[in-house]
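Spelled out, the chains give:
There are 2 protein chains.
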Amino acid sequence: MSLLTELAIKAREESQVRIYKKNVERVLSALLKSGDFWQIVDMSDLPVPAASGIVKVLIKEGYAFIDDEENIRLTQKGYDLIKELGIEPYVDYTCQACEGRGIPFYIDIEFYRTFIQLTKDRPKAIRDYDQGSVTPETTVSRVLFMDSRGDLRNKDILVLGAEDDLTGLAVALSRKAKSVLIIDIDKRLIDFDNNIFKELGIDNAEARVWDLRNPFPSEILGRYDVFVSDPPETLPAFRAFIGRGIATLKEEGGVGYFGLTLRDSSVFRWRDFQIALTSEFGVAITDIVQDFNAYITWDYHKETKAAQIAPVRREPKDIWYRSSWYRIEALPGFKRWNEAISDDVFYLDEEGSTT
Amino acid sequence: MSLLTELAIKAREESQVRIYKKNVERVLSALLKSGDFWQIVDMSDLPVPAASGIVKVLIKEGYAFIDDEENIRLTQKGYDLIKELGIEPYVDYTCQACEGRGIPFYIDIEFYRTFIQLTKDRPKAIRDYDQGSVTPETTVSRVLFMDSRGDLRNKDILVLGAEDDLTGLAVALSRKAKSVLIIDIDKRLIDFDNNIFKELGIDNAEARVWDLRNPFPSEILGRYDVFVSDPPETLPAFRAFIGRGIATLKEEGGVGYFGLTLRDSSVFRWRDFQIALTSEFGVAITDIVQDFNAYITWDYHKETKAAQIAPVRREPKDIWYRSSWYRIEALPGFKRWNEAISDDVFYLDEEGSTT
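One line per chain: the protein sequences are A and B, in this order.
Here full-length UniProt numbering is used: the first residue of the first sequence is 1, the next is one more, and so on.
Here full-length UniProt numbering is used: the first residue of the second sequence is 1, the next is one more, and so on.
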């Protein structure tokens, strides 16, 4: 058995999450680039418990140590290992113009400015609902992405459980949709949106408080061309947000957008999601754009499991939490799932940690 | 039943491929932007037979006509329909810096120049093997993408059935892989690569002639960290290229890259591919970047079924054929498929047309 595989097994015991050899390799590669734990999580595309488990095992086995400034540094033994295995530093070729999304957020600069201006007093992300806001550049890019795929103009659009990002507000502000319904559990966000709609005389958009653990009323089902969401990465939450989102689509050809991260779920979980999407719900996946969604570190970071299990106490200095952007298309015979969810692992399970 | 749905049903009868309402809408949206049939195919993200069927039905029903220069134009009845349905022109927000790939091809400008210089006398794409070369910018971006995901440096890499794009050559020229094996059916390309390797003294790369309809010999199975391919979009070819590619991976965490297009297969077929990947082969899909791969129109275009079924005789003037870029990761228990294929629909079926 290779040394990396042995380390992976130890890290798995340490963290109780699925880890294989390649994950250890990516953490070592990241360590050649940065000593900041949160940057290492970002570069290695791993759930926090996995990255933390690997770093802890590397320290325990003498390959790394924590310096006075809480940087994680390689020891000589660590450098020797890296040389022996031919591991090289993480490289980042992300396009600076579009931040890697393939679509530049500034292409409609007036739209971007309006969004920034109107949302400067937005409600802060709070822990109760697993909130975390994406950057305004991300939110605006989501709307542009939808527009470039023909999923915005004159469409009936439902935004569910993603309003901490103010995505529904941005869709409404584009003034290109036929109608916009925003569903969120957080009354602060619903009021924020409805006030802006009233103020600007936007009468085709509406925001309503709803707990997605409850089934949708029948008037919402089968009524939308497009839904947008940003679910927590547990399987029950995925069903509640995405299964229910699909249930609101009018017909085949209906479209869904949502973020999925590798920071709170593994690539193993991703396969489960993908099997559910294609085999159970009857949709095709047309896009997965990694690192499309960049999140502003939430004020409640210190209180999270992520902060507690991290090998260092130092807080994130920059953006470290990203998610990919999925687009799906409903095919004939797609399934409308709308059952009640009463699961206590709705927000958090063994791979998640940022709630 | 809506008028668009009626048109979709008629187009389906006309073309004998799966078409739904949304597809008709996208073609109408494209028609507001261009009269060039090949640009319409590009913008509507449809298989050629589907786009052609829709255009033919629109003409038959009086919504469009073909002008003297073989442009497809809307009639007044067509404009009335578009207005009634609120269809707006196709919009394109593709990042000009990275051509929408998220990674700029010029980030290592020396590498790009070397590739251009060495490949200026490359063999032309020929019809026998369903060839079609991507632009040099695409090929170089593929290598940069692999590098940025940790799938290049010191890796054993297999490039199978994608050498019309000279992807294996580019991987070898990066001089970052541990070893490169290139497999292709076309001896011209194999000789071209091997000559360059000899000339430049690249001794960790080798090219070999192989027909992927035949199973791999055992020495190739389970030997690679990463495979790269570009399969024809039939189900038998998908198994032969991608199933066999997965069979060559050393272990869990192994990675595959390949192009899949919506010009020669529908989103229905994509779901079949995705079910095979996740449920049968045991891999997770980590990336789907639409329009990553841009193809230079092949010299044999006139001889293709695409040219024959098109509503106009006019040839493509610009790039119109694109494919998405998939990345997959093998999970524990992944399946090594390596059976013989003797299928006469290897290159072409009802949705394909560019062979």
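Hints listed in this document are in silico derivations from the structure and should not be mistaken for laboratory results.
A couple of the hints might just be wrong.
[Said to hold, decoys possible] One-sided excerpt, in silico: chain B residues whose CB lies under 7 Å from chain A: (1) Gly102; (2) Asp211; (3) Val267; (4) Trp270; (5) Ala276; (6) Thr278; (7) Glu280.
Virtual Cβ for every residue (Gly too), placed ideally from N, Cα, C.
Results for each hint:
| no. | hint | verdict |
| --- | --- | --- |
| 1 | Gly102 | holds (4 Å) |
| 2 | Asp211 | violated (30 Å) |
| 3 | Val267 | holds (5 Å) |
| 4 | Trp270 | holds (5 Å) |
| 5 | Ala276 | violated (10 Å) |
| 6 | Thr278 | holds (5 Å) |
| 7 | Glu280 | violated (11 Å) |
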